[in-house]
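Protein sequences appear in the order of chains A and B. Numbered as in numbering that gives the first Met the number 0, the first sequence ends at 360 without a single skipped number. Numbered as in numbering that gives the first Met the number 0, the second sequence ends at 59 without a single skipped number.
Warning: the hint list may mix true and false statements.
What the hints assert, rightly or not - Negatives, chain A to chain B, calculated, CB over 12 Å:
#1 E8
#2 A11
#3 P51
#4 S85
#5 G112
#6 K142
#7 I180
#8 G236
#9 D239
#10 A240
#11 N278
Claimed, not checked - Footprint (simulated), chain B over chain A, 3 or more residues, beta carbon under 8 Å:
#12 58-65
#13 92-98
Because the hints were derived from the structure by calculation, they are not lab data. Note that beta-carbon positions come from the ideal geometry of N, C-alpha and C, so glycine has one too.
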Amino acid sequence: MERSMTLAEELAVRGISRREFLKFCTIMAGVLALPVDRAEKIARALESVRRPPVVWMHFQECTGCTESLLRANRPSVAELVLDILSLNYLETIMAPAGHAAEKSLHDTIKEGGYITIVEGSIPTADDGIYCCIAGRTALDILKEVAANTAAIITVGACAFYGGWPSTPPNPTGAKGVKDIISGVPIVNLSGCPPNADNITATVVHYLTFKELPALDDLGRPLFAHGRRIHDNCERRGHFDAGEFVEAWGDEGHRKGWCLYKMGCKGPVAFMNCPSIRWNEGTSWPVGAGHGCIACGAPNFWEMPAYEPVPIHVLTPPTTYPEVEPVKEMSPITAGVIGAAVGVAAGVAGAVAVSQIAKKEE
Amino acid sequence: MAQKIVIDPVTRIEGHLRIEARIEDGRVAEAWASGTMFRGLEIILKGRDPREAWLMAQRI
Ligand code: SF4
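Given only the sequences and the hints, what does the whole structure look like? Please build it.
In structure tokens form, the structure reads like this:
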């Protein structure tokens, strides 16, 4: 393959205009929550980069994450596969099968320096027999691939923490990558499935800055998981006004009121869905009329999907979230803010803030 | 002369599939297909809120 070509050369060969390319870089800067002038740095870095080899491992998965990526509109899948990544192994779309497919994997492992994308959980019960490829267990294969990789990107809830296969009683002992592999940089693109723009942006960040994006304490990129859905939701005005959908199809539902009472998990979910959206940026679950199920949160299947989630802030916030998300609040800061809010809004405010601090500890 | 062919993984499909075939005189005499991944959705769904069944089952 023409792996010696730079991306800029490949774009030229494929007739992709510089204007289109810069537009893509600007969108990526936006998804990554970087200032717009960084788009230029992204463009410069991407132009000189050579396609990194990527292996995409499927374990206990539904291929929903692959589907999510294949639905990427920017760049189109062809551009992404051919121009940005050199996908040496992806069972869903690769031409070879059987031994020939395995050869691509083994050749890549031998060369090293590749990015590994993992989709699906890894069964650990009964010596891992619940997922085998080419006669080997997923557990074995993951350990081999991880030993020589530059970084691992997990896509989806299953590769992140085990996903629904790990829901009690977890019949196959399903686990996430971070529970099995250590000593390799891992970024968890959580979400069930994750948004294609977030997958692409993570790869672009890696190629541009030669490192993975900043992560939260669960190893999820902050650009995608730093902000609460509830704080950026277009139905929030109705929440604050006490206008709730009470039954599917009722007047409030038709008017686009808040879905909190129908079980929306927006108040406890941290994802950028309200801003980057889905289906070419046209809509997202809450926009379409169903509550958020917090699919990017660990163990979200253990929160009853149609029961309201306990909520700690009953009044509108006195301040709005900072542009750079605050990762942790020290008890002292929480105390100071608590005191200030207490003076301003009465004792109830202080109680609410101390509850948030307690929850985040 | 009998010969055995194994194709694993079968690619360009959703899921994990293994095909084994026993060839005799240039023809397939016997063949086996196995799904090589199991998660146990039926076991997990038992006892859960039925309204959630579609949410989980759409992720098979
Ligand atoms: S509860 Fe859900 S629908 Fe209501 S404002 Fe919050 S995120 Fe939006």
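Should the label of G236 of chain A as a non-interface residue stand, given a Cβ cut-off of 12 Å to chain B?
Since the minimum Cβ distance to chain B is about 27 Å, G236 of chain A lies beyond 12 Å and the statement holds.
Would you assess whether S85 of chain A, listed as outside the interface, keeps its beta-carbon beyond 12 Å of every beta-carbon in chain B?
With a cut-off of 12 Å, S85 of chain A remains clear of chain B, as the shortest Cβ separation is near 17 Å.
Three residues minimum, CB to CB under 8 Å: does the stretch 92-98 of chain A make the cut for coverage by chain B? Let me know.
holds (count 6)
Decide, holds or violated, for the assertion that all CB atoms of chain B are farther than 12 Å from the CB of P51 of chain A.
Given that every Cβ of chain B is farther than 12 Å from that of P51 of chain A, nearest at about 22 Å, it holds.
Closest CB of chain B to the CB of K142 of chain A still more than 12 Å away:
Given a closest Cβ separation of 18 Å, the condition holds.
Assertion that A240 of chain A lies outside the chain B interface [Cβ separation over 12 Å]:
Nearest chain B Cβ is 27 Å from A240 of chain A, so the label holds.
In terms of Cβ atoms, is chain B entirely out of 12 Å range of G112 of chain A?
Given a closest Cβ separation of 24 Å, the condition holds.
Closer than 8 Å Cβ to Cβ for three or more residues is the test here. Does the stretch 58-65 of chain A pass it with chain B?
Holds: 5 residues of the stretch 58-65 of chain A have a Cβ under 8 Å from chain B.
Least C-beta distance from E8 of chain A to chain B larger than 12 Å:
With a cut-off of 12 Å, E8 of chain A remains clear of chain B, as the shortest Cβ separation is near 29 Å.
Consistency of the no-contact label for A11 of chain A, given chain B and a CB cut of 12 Å:
holds (30 Å)
At 12 Å, judged by beta carbons, does N278 of chain A keep clear of chain B as stated?
holds (16 Å)
Using Cβ atoms and 12 Å as the threshold, tell me whether D239 of chain A really stays out of contact range of chain B.
holds (27 Å)
Hint check: no violations occur; every hint is consistent with the structure.
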